Amino acid sequence: MAAIDQTGGAAQAAPDRARPREKTLRRRSPALRRAFPYLLVAPAVIYLLGITLYPGAYAVYQSFYLVRFTEWIPVGFDNYVELAGDAEFWQAMLNTLLIGGIALTVECVIAMALAFFAYRDALIRGWRIAFLMPMLFMPSAVAFIWKLAFNDGRVISDLLRKLGLIEGNLDFLGNIWLARTTLIVADVWQWTPFLFIIFVAALQSQDQEVEEAARLDGASWPAIFWNISLPMIRPVIAVAVVLRGIDIMTMFTNVFILTKGTPGGMTETISYFIYRQGFQTFNFGYASAAAVVMLVITILAAQLVVKRAFKSGKT
Amino acid sequence: MARIELKDVVKRYGGFTGVRRMDLDIADEEFLVLLGPSGCGKTTTMRMIAGLEVPSEGEVVIGGEVVNEVDARDRDVAMVFQGYALYPNMSIYENIRFPLRMRGIPKADQDRLIRRAAEMVELGDFLDRKPGALSGGQRQRAALARAVVRQPQVFLMDEPLSNLDAKLRSSMRVQIKHLQRQLKITTVYVTHDQIEAMTLADRIVIMEKGAIRQIGTPDEIYSDPADTFVAGFIGAPPMNLVEGLAENGRFAAPGLVVACPGGVSGRVTLGVRPEDCHVVGEGLAALEGRVYGVEPTGETTYLTLRTGETLFEVKAARDARFNLGDLVRIGFDPDRLCYFDTETGARLRVQPYRSVA
Chain A
0 MAAIDQTGGA
10 AQAAPDRARP
20 REKTLRRRSP
30 ALRRAFPYLL
40 VAPAVIYLLG
50 ITLYPGAYAV
60 YQSFYLVRFT
70 EWIPVGFDNY
80 VELAGDAEFW
90 QAMLNTLLIG
100 GIALTVECVI
110 AMALAFFAYR
120 DALIRGWRIA
130 FLMPMLFMPS
140 AVAFIWKLAF
150 NDGRVISDLL
160 RKLGLIEGNL
170 DFLGNIWLAR
180 TTLIVADVWQ
190 WTPFLFIIFV
200 AALQSQDQEV
210 EEAARLDGAS
220 WPAIFWNISL
230 PMIRPVIAVA
240 VVLRGIDIMT
250 MFTNVFILTK
260 GTPGGMTETI
270 SYFIYRQGFQ
280 TFNFGYASAA
290 AVVMLVITIL
300 AAQLVVKRAF
310 KSGKT
Chain B
0 MARIELKDVV
10 KRYGGFTGVR
20 RMDLDIADEE
30 FLVLLGPSGC
40 GKTTTMRMIA
50 GLEVPSEGEV
60 VIGGEVVNEV
70 DARDRDVAMV
80 FQGYALYPNM
90 SIYENIRFPL
100 RMRGIPKADQ
110 DRLIRRAAEM
120 VELGDFLDRK
130 PGALSGGQRQ
140 RAALARAVVR
150 QPQVFLMDEP
160 LSNLDAKLRS
170 SMRVQIKHLQ
180 RQLKITTVYV
190 THDQIEAMTL
200 ADRIVIMEKG
210 AIRQIGTPDE
220 IYSDPADTFV
230 AGFIGAPPMN
240 LVEGLAENGR
250 FAAPGLVVAC
260 PGGVSGRVTL
270 GVRPEDCHVV
280 GEGLAALEGR
290 VYGVEPTGET
300 TYLTLRTGET
310 LFEVKAARDA
320 RFNLGDLVRI
330 GFDPDRLCYF
340 DTETGARLRV
350 QPYRSVA
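Chains as they are written, first to last, in numbering that gives the first Met the number 0: chain A, 0 to 314; chain B, 0 to 356.
Treat the hints with care, since some could be wrong.
[Stated by the list, open to error] Quick list of simulated restraints, FRET-style, between CB atoms:
{"hint": "1", "chain 1": "B", "residue 1": "Arg100", "chain 2": "A", "residue 2": "Phe143", "range": "28 to 38 Å"}
{"hint": "2", "chain 1": "A", "residue 1": "Arg124", "chain 2": "B", "residue 2": "Ser161", "range": "22 to 32 Å"}
{"hint": "3", "chain 1": "B", "residue 1": "Gly131", "chain 2": "A", "residue 2": "Ala112", "range": "23 to 33 Å"}
{"hint": "4", "chain 1": "B", "residue 1": "Thr198", "chain 2": "A", "residue 2": "Met132", "range": "52 to 62 Å"}
{"hint": "5", "chain 1": "A", "residue 1": "Glu208", "chain 2": "B", "residue 2": "Arg114", "range": "23 to 33 Å"}
{"hint": "6", "chain 1": "A", "residue 1": "Pro221", "chain 2": "B", "residue 2": "Glu93", "range": "10 to 20 Å"}
{"hint": "7", "chain 1": "A", "residue 1": "Leu299", "chain 2": "B", "residue 2": "Arg102", "range": "54 to 64 Å"}
Think of the hints as simulated: they come from the structure by calculation, not from any bench.
Keep in mind that this is a model prediction, so the values were computed, not measured.
By construction, the Cβ of each residue, glycine as well, lies at the ideal position given by its N, Cα and C atoms.
Same shape as in the complex, but just chain B:
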């Protein structure tokens, strides 16, 4: 129901810069995920949208209106906190009612809205309980119900699933995404978990040290990383990054030789995802290495190879079994190779990229 724009937003704490020159345009009804390691400024960015932090410079615009001077309580923004932040002295019913009461929604409508919100998150049976008597997942759903009950313009979620166990997390993930699609509320979601980011987002913003490294759909972020930081951050295991030398259409590093586009030369870093590597016979190999580790996961087998000084991850067939020290030859999917400037880490865009879609 609202578009959010950040224009040249800067946040400084004394001498420390939390967010530097951020430009971000979040479309109406979009599900945007801010992803990055701890301390990258993603939560600060969200808190500036919420109005809990005032930007040092720049403008925050929600629904076409500059809201820098608008207090958090008047922004019509709902937020789900990492620690749930339920009111411990009130029942779940009263918790969900609180935003309605504070915004003067007529009493007659309150009950209907509360019950509808509670139904949405399947919490109808727990309305009389106090937060202390609920499990982590139930508290999380209560916090969600409290956020959706008044149909805010913007939905903010600050690592809402990080206190839950893995199984609950994946079911809550589906629930959150479903809720967002159903309500069509612009949503900003902060996380350091790339699986959450990939599964939930329409677009992902990758941040590091207060700056945006890349903005894109999950597909773009994964297959077309803008720099070595993004390449190394996304994916489990992440993209293999091998430093080497490129000249005359050939990239070479210890134990690795591969044809590369003519435009690439000098000291560059080759990036290749583990699943774009294939175990091949002699003659076709781009890389030779000795097996350092074998990790069968059931659906697939991860091989770690040692080539020269570096370790290289390969996603092999589910029945691939090797002994430590075996010599393995690997070929690459030539369309899927990425080259980065070793010095700056930036992507070298010299070949037309084949889109996954």
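Okay, chain A solo, but in the shape it has when bound:
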């Protein structure tokens, strides 16, 4: 009996509480009610469209014109045709791939090695946020420090000489690969922690029973890592590499501050090429065309990596 009374009471009480809410809903028109969720997200969408889609579309539009400040002359695909034959553009593309590819590989290897040694440690788990420090510094400030170390202040050169590794001074801007190395070192220093954090998190989130099973099956830590951990976290690696890859393809700050493309344009990245075309020679249409080409290449490459990593990770 007591149970029946209780439910009866609850059934009576419920509509009382629901009624005022129902009233406010009923006052809205059906159209408004359907539009309501969209209205809620509208400000964010408008903001995002305004700062990403509009400039992007504008760049595509501009790439079909020869722009002389206020004068826009439609030229069709001329800008793209010219790009295809521009040795400087292709050199910049090659530089970007070389510098970015090497930097990304080195970052991945170092980050994965550190993660492998560190992820079982409780201390790392607690303090992994500390490893984000280099990422928190302003990129331009970091670039100036490297400029001081490599070029203006000759800190690195002096250190190497004191260690007896070189004689005389090393001019980091006087040699193609030394100049590229400075860019690689700067990027590796700043961004390895990012990959390290992601890899540590991925390794720590593995099923611990699986690791223990592998140990009992006679696998050493490196064997477990190679045979089980690495294949299992492959999708995470792919996403991290894509994020970092996109970032590295647009490398600009370090180039602008450290090398300005010297020697002889051999450290000029695509971003710096676009900057030079747009803001030094004021060839906006041409710069836009280069930007569009880079965008397309980046999207295709990212798509390919993610797709492959996820497909082979499944079934």
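We have chain A already, so just place chain B on it with the hints.
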């Protein structure tokens, strides 16, 4: 193929003691079950044998060798985990091959061993699949195959059946026991399910709060419990425990009077299994109570009687039917009564016990 000894083993986690002073001798080829409620230290004990935990004190000896300092991978111990712990990126074939590969078994022998192990657990048709494409029971058998493939010295199983449904569990139980008898591998099996323990074990170790309460064959554990914890833990429904007073060869509690051995006196607890109770006529009754519940199960009928403050379970005939509130008289099988010290819970051994065997 190996005897396992635990000598004064203690495991502490900071201030918490997981396993306290454990002494255990597991014979070669024995099937030993560690049984107890959650958090009693049974899994920790097994993990110390596996080498996944290091004992804080004491020695773990496998095959005559102290293995405290030996890494898990060098102990030649195979383990089946509760969550199966198959390698999700490898096919079942590769999963079973992994321990062979890691131990450098020649390639020529690998295929034969894998197929034999897969046959043993009837998994031959699924070797190409990934673990994700198998059912729970198939995964469990894959985990078993991976464990048996390299003929380890010791077999450890950590609640391997707890993720399976009831029907599958009973068929896997038979399979595991058959496998163990066939391979003659010393096996330690952890469970909180007493049916698994009773059916599988050569000997059962009952643990509570990190300590061993009783070690014995399933028969001993069931019929001759060492204390009230074991008596109340084993059996479904468990042993009835009634607190009362014993003096001059008579045990009395509200609604219950029974003759007891002369050596028993003071505040004691009487233990009697539901199946050692019989519905009797007036005059023969040791206990009178009113029916509180009737549960027919088909093969038998469980009666719950209320006597004084306590509820008393009786296993009655399959056609026994009573109404709630009926007065029922119960007689006991006098040889099967157990007496415990109410204060400590320990068994009072005053009468020669009649063995079931």
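Against the structure, the hints come out as follows:
The hinted window of 28 to 38 Å between Arg100/B and Phe143/A is violated, with their beta carbons roughly 52 Å apart. Separation of Arg124/A from Ser161/B is about 29 Å and conforms to the stated range, judged on CB atoms against 22 to 32 Å. At roughly 30 Å, the beta carbons of Gly131/B and Ala112/A sit within the given window of 23 to 33 Å. The beta-carbon spacing between Thr198/B and Met132/A, approximately 59 Å, falls within the hinted interval of 52 to 62 Å.
As the Cβ distance of Glu208/A to Arg114/B is approximately 26 Å, the hint placing it in 23 to 33 Å holds. Evaluation of the 10 to 20 Å hint for Pro221/A and Glu93/B yields a pass: the beta carbon distance comes to about 18 Å. The hint said 54 to 64 Å for the Cβ distance between Leu299/A and Arg102/B, and at roughly 45 Å that hint is violated.
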